[in-house]
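These protein sequence lines are chains C and Y, in that order.
Using numbering that gives the first Met the number 0, the first residue of the first sequence is number 0, and each one after it goes up by one.
Using numbering that gives the first Met the number 0, the first residue of the second sequence is number 0, and each one after it goes up by one.
It should be emphasised that the hints constitute simulated quantities derived from the structure, not laboratory data.
Glycine included, each C-beta is placed from N, C-alpha and C at the ideal position.
One or more hints might be untrue.
[Claimed, not checked] Below, in silico cross-link-like pairs of lysine-lysine (DSS-like), each with a Cα-Cα straight-line distance of 27 angstroms or less:
| id | chain 1 | residue 1 | chain 2 | residue 2 |
| --- | --- | --- | --- | --- |
| 1 | C | K443 | Y | K1 |
| 2 | C | K265 | Y | K443 |
| 3 | Y | K265 | C | K369 |
| 4 | C | K401 | Y | K443 |
| 5 | C | K430 | Y | K401 |
| 6 | Y | K369 | C | K401 |
| 7 | C | K185 | C | K209 |
| 8 | C | K404 | Y | K404 |
| 9 | Y | K401 | C | K443 |
| 10 | C | K290 | Y | K312 |
| 11 | C | K267 | Y | K443 |
| 12 | Y | K1 | Y | K17 |
| 13 | C | K265 | Y | K312 |
| 14 | Y | K430 | C | K404 |
| 15 | C | K267 | Y | K312 |
| 16 | Y | K1 | C | K289 |
[Said to hold, decoys possible] Taking beta-carbon pairs under 10 angstroms as the criterion, some of the chain C residues facing chain Y (in silico):
| id | residue |
| --- | --- |
| 17 | E53 |
| 18 | S238 |
| 19 | F264 |
| 20 | K267 |
| 21 | P269 |
| 22 | G322 |
| 23 | V396 |
| 24 | H410 |
| 25 | I416 |
| 26 | G419 |
| 27 | S421 |
Number of protein chains: 2
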Amino acid sequence: MKVAKFGGSSVANAEQLKKVANIIQADDDRRIIVVSAPGKRNSDDMKVTDLLIELGEAYRLGQSHEAPLQNVLDRFDAILEELQLSKVVLADIQSQVEKIFNDGNDLASKLDAIKAIGEDSLAKILSEYLQSLGIHARYVNPKEAGLILSDQPGSAQILDESFELIHRLRDSEDIAVIPGFFGYTKEGKLVTFSRGGSDITGSIVAAGVKADLYENFTDVDSVYCVNPQIVNNPKEITSLTYKEMRELSYAGFSVFHAEALIPAFKEKIPVCIKNTNNPTAKGTMIVSEKKDVNQAVVGIASDAGFVSLYVSKYLMNREIGFGRRLLNILEDEGISFEHTPSGIDDLSVIIRANQLTEEKEAIVINRINKELKPDTVYIDRGLALIMIVGEGMHSFVGTAAKATKAFEEAHVNLEMINQGSSEVSMMFGIKEEGVNRAVQSLYKVFFENN
Amino acid sequence: MKVAKFGGSSVANAEQLKKVANIIQADDDRRIIVVSAPGKRNSDDMKVTDLLIELGEAYRLGQSHEAPLQNVLDRFDAILEELQLSKVVLADIQSQVEKIFNDGNDLASKLDAIKAIGEDSLAKILSEYLQSLGIHARYVNPKEAGLILSDQPGSAQILDESFELIHRLRDSEDIAVIPGFFGYTKEGKLVTFSRGGSDITGSIVAAGVKADLYENFTDVDSVYCVNPQIVNNPKEITSLTYKEMRELSYAGFSVFHAEALIPAFKEKIPVCIKNTNNPTAKGTMIVSEKKDVNQAVVGIASDAGFVSLYVSKYLMNREIGFGRRLLNILEDEGISFEHTPSGIDDLSVIIRANQLTEEKEAIVINRINKELKPDTVYIDRGLALIMIVGEGMHSFVGTAAKATKAFEEAHVNLEMINQGSSEVSMMFGIKEEGVNRAVQSLYKVFFENN
Numbered sequence: 000m001k002v003a004k005f006g007g008s009s010v011a012n013a014e015q016l017k018k019v020a021n022i023i024q025a026d027d028d029r030r031i032i033v034v035s036a037p038g039k040r041n042s043d044d045m046k047v048t049d050l051l052i053e054l055g056e057a058y059r060l061g062q063s064h065e066a067p068l069q070n071v072l073d074r075f076d077a078i079l080e081e082l083q084l085s086k087v088v089l090a091d092i093q094s095q096v097e098k099i100f101n102d103g104n105d106l107a108s109k110l111d112a113i114k115a116i117g118e119d120s121l122a123k124i125l126s127e128y129l130q131s132l133g134i135h136a137r138y139v140n141p142k143e144a145g146l147i148l149s150d151q152p153g154s155a156q157i158l159d160e161s162f163e164l165i166h167r168l169r170d171s172e173d174i175a176v177i178p179g180f181f182g183y184t185k186e187g188k189l190v191t192f193s194r195g196g197s198d199i200t201g202s203i204v205a206a207g208v209k210a211d212l213y214e215n216f217t218d219v220d221s222v223y224c225v226n227p228q229i230v231n232n233p234k235e236i237t238s239l240t241y242k243e244m245r246e247l248s249y250a251g252f253s254v255f256h257a258e259a260l261i262p263a264f265k266e267k268i269p270v271c272i273k274n275t276n277n278p279t280a281k282g283t284m285i286v287s288e289k290k291d292v293n294q295a296v297v298g299i300a301s302d303a304g305f306v307s308l309y310v311s312k313y314l315m316n317r318e319i320g321f322g323r324r325l326l327n328i329l330e331d332e333g334i335s336f337e338h339t340p341s342g343i344d345d346l347s348v349i350i351r352a353n354q355l356t357e358e359k360e361a362i363v364i365n366r367i368n369k370e371l372k373p374d375t376v377y378i379d380r381g382l383a384l385i386m387i388v389g390e391g392m393h394s395f396v397g398t399a400a401k402a403t404k405a406f407e408e409a410h411v412n413l414e415m416i417n418q419g420s421s422e423v424s425m426m427f428g429i430k431e432e433g434v435n436r437a438v439q440s441l442y443k444v445f446f447e448n449n
Numbered sequence: 000m001k002v003a004k005f006g007g008s009s010v011a012n013a014e015q016l017k018k019v020a021n022i023i024q025a026d027d028d029r030r031i032i033v034v035s036a037p038g039k040r041n042s043d044d045m046k047v048t049d050l051l052i053e054l055g056e057a058y059r060l061g062q063s064h065e066a067p068l069q070n071v072l073d074r075f076d077a078i079l080e081e082l083q084l085s086k087v088v089l090a091d092i093q094s095q096v097e098k099i100f101n102d103g104n105d106l107a108s109k110l111d112a113i114k115a116i117g118e119d120s121l122a123k124i125l126s127e128y129l130q131s132l133g134i135h136a137r138y139v140n141p142k143e144a145g146l147i148l149s150d151q152p153g154s155a156q157i158l159d160e161s162f163e164l165i166h167r168l169r170d171s172e173d174i175a176v177i178p179g180f181f182g183y184t185k186e187g188k189l190v191t192f193s194r195g196g197s198d199i200t201g202s203i204v205a206a207g208v209k210a211d212l213y214e215n216f217t218d219v220d221s222v223y224c225v226n227p228q229i230v231n232n233p234k235e236i237t238s239l240t241y242k243e244m245r246e247l248s249y250a251g252f253s254v255f256h257a258e259a260l261i262p263a264f265k266e267k268i269p270v271c272i273k274n275t276n277n278p279t280a281k282g283t284m285i286v287s288e289k290k291d292v293n294q295a296v297v298g299i300a301s302d303a304g305f306v307s308l309y310v311s312k313y314l315m316n317r318e319i320g321f322g323r324r325l326l327n328i329l330e331d332e333g334i335s336f337e338h339t340p341s342g343i344d345d346l347s348v349i350i351r352a353n354q355l356t357e358e359k360e361a362i363v364i365n366r367i368n369k370e371l372k373p374d375t376v377y378i379d380r381g382l383a384l385i386m387i388v389g390e391g392m393h394s395f396v397g398t399a400a401k402a403t404k405a406f407e408e409a410h411v412n413l414e415m416i417n418q419g420s421s422e423v424s425m426m427f428g429i430k431e432e433g434v435n436r437a438v439q440s441l442y443k444v445f446f447e448n449n
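Using the sequences and the accompanying hints, generate a full structural model.
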């Protein structure tokens, strides 16, 4: 049994939904379908979820919600028209909106319920369309599916008891079409996951029914070993472990958030990233373990926007608790940090720039000077991190030599190397301006010269 | 004005003292001499300080101290005999010992006073010998020199007010011969520095008189760029900065403790390491700043006996305070750590093995499991650190590439790379068994293939 999840671009219009129907028909194992709300049809377009957020916003500000509601209805109307389906869903949306605006719930819950209309309506439309093609399919509301969530509108968490309930979906005679992104509290109130939550729903359902495969349909043929905006036509990754995926997604790989996959990871469900627009392409498999590791490096990721906080003090390493007290100051100020490379008498803390505003910077520097009495303390901005990732890396002597050679050939100075905790990755810090050059050089060394 | 300090091997017997006298005569700027107690004359010999410790031990245990005292007297007698000096010092030692055993001081202070007899007597002998050669020299007791220390027997610290007093030594008409290793509290009680404290005395006196040069006479021609027990006939280092010295001495360079030099460093007094047995050799200069940096790497150091504590937890980097809480546990258990390389979801802590006994290990692992609920936690023993050091390193693109290539050629896997905080060093972690191979390979790459 397979769970297939279709993202926003895969359900953006009638044409895309026809492809989805073909994909479902092509494989009898695709028994459970999870859908997003319709995404952009072109780069100037708006996602239906954003239209719904505008509708919610109009309500919140006490403005007329006629126009924003019409925008939502228009999007669905166009789909229904082309698929030659009844317009029942449109009336349904209107009455839902009225009901939500007039129920006794708090504002956050109302806005959650409005946002969820996109996925909910699309699921209804898709199941109806499948039925019109003679396929035994039916819309399954998340409440019926068993998605019981914590009462945190906008960032709800799945409750453990859900998985047993979801498991019963295996017994469904029909193909189940489930809207992603939302579920219900124990008290029956609609709540949503964080943005992009359809991936979370798909992953939860795949875990609950213990699927043989969780297919995640997007608009790319596969995950690439490097950002295609930096390297032209990079190689595709055919297979990736959860760990590799996680490390890559940390530094700029944006196929989806690694967190969304946790439920599937925990049950060791293999995940396949596939392209709705080219479904015969093999896609990228994400698995818990790889059998043969004949390649040290599977991917290169990069991310800019880091700063380095440098502190030095003669004989620092004799001062028990120095590092801990430094981290304490950061924690006090609500700043989370990424890494802490250290010398003998100095310590750097790598922080995402958005964590350390200029204002915070002054406070932190001042506290460090007062409380730790260092010889030197300063901030370096404009740092980028580059990661090379691969489960097999650790067993290949020479990976570090190859990588550092690549930086040298790109004439990029290494500000930082951090390797040794993760066996899956090696991390390099450089000045932001060198990122593209360095990534291109690494790609050449690891993927072209074999 | 130069301050010259002579170590234990430089004053081990009469023959060595003749060399010392020649060295003093050879340069009129050598106005202040600091001496250790006589060291070993051959590898089976005992240092006078160890003989004195035996004497103190006999007293502590209520045993006869006749034999141990005789051993001490014999060493000095042999020197006096050969230098044809009066034996007054011997009677002096005997009466000092009696006085110490019978004074009202506590045991720790008595033992300190006994230990100091070696340096004190040698300084008296040397000044008398210099006088016998017609040189204007005189013994200066540390109290007269102005060495006022905190009341911590065995690990006393210099008090700030000392430096002004010591500065008056500049006015001495005669060459001042000062015993190293000890000073006096404000109340006039004798206390010693930690072991090897003659280096501390030399450094303090050099700082106090604002010497043009502090010469540290040992038994090697210079500091070598790598341990001569690992590489045959390694190159000599002609010039080294304080920072480089500090980083090298952290990982196994044992010329002397970097801490001893702090007083000299603070006053930016240049230090020269020279050989008593070959005083015309140029030696190694340690300076605050190097003018031209035409060499990226000046030295390679290695040290075994480290362990790595590995902790992993999925989405660790979202948990604010995780790293700090881990370090807190270690601090609680009195364990100091060296470095903390980190991945996305994992963190390693590098600790000296002597800090983490098997017993402590169990406690720490247990607390981490209970308090941090990680996915994995384990200890890896048998880790060695290798450091390559050089002030110019940071400005040479390709240093990392050269270094990692050297490890590859030695077939040594890199367990850890830690670079980025110190601009003066790059640190590598490997399994202990690969140390010699790796250091030899690094030496080849950085010092032979130029």
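Okay, the hints, checked on the actual structure:
no.	hint	verdict
1	K443(C) with K1(Y)	violated (58 angstroms)
2	K265(C) with K443(Y)	violated (49 angstroms)
3	K265(Y) with K369(C)	holds (21 angstroms)
4	K401(C) with K443(Y)	holds (19 angstroms)
5	K430(C) with K401(Y)	holds (21 angstroms)
6	K369(Y) with K401(C)	violated (40 angstroms)
7	K185(C) with K209(C)	holds (23 angstroms)
8	K404(C) with K404(Y)	holds (8 angstroms)
9	K401(Y) with K443(C)	holds (19 angstroms)
10	K290(C) with K312(Y)	holds (23 angstroms)
11	K267(C) with K443(Y)	violated (48 angstroms)
12	K1(Y) with K17(Y)	holds (19 angstroms)
13	K265(C) with K312(Y)	holds (13 angstroms)
14	K430(Y) with K404(C)	holds (23 angstroms)
15	K267(C) with K312(Y)	holds (17 angstroms)
16	K1(Y) with K289(C)	violated (67 angstroms)
17	E53	violated (30 angstroms)
18	S238	violated (20 angstroms)
19	F264	holds (8 angstroms)
20	K267	violated (14 angstroms)
21	P269	violated (18 angstroms)
22	G322	holds (6 angstroms)
23	V396	holds (5 angstroms)
24	H410	holds (6 angstroms)
25	I416	holds (4 angstroms)
26	G419	holds (3 angstroms)
27	S421	holds (3 angstroms)
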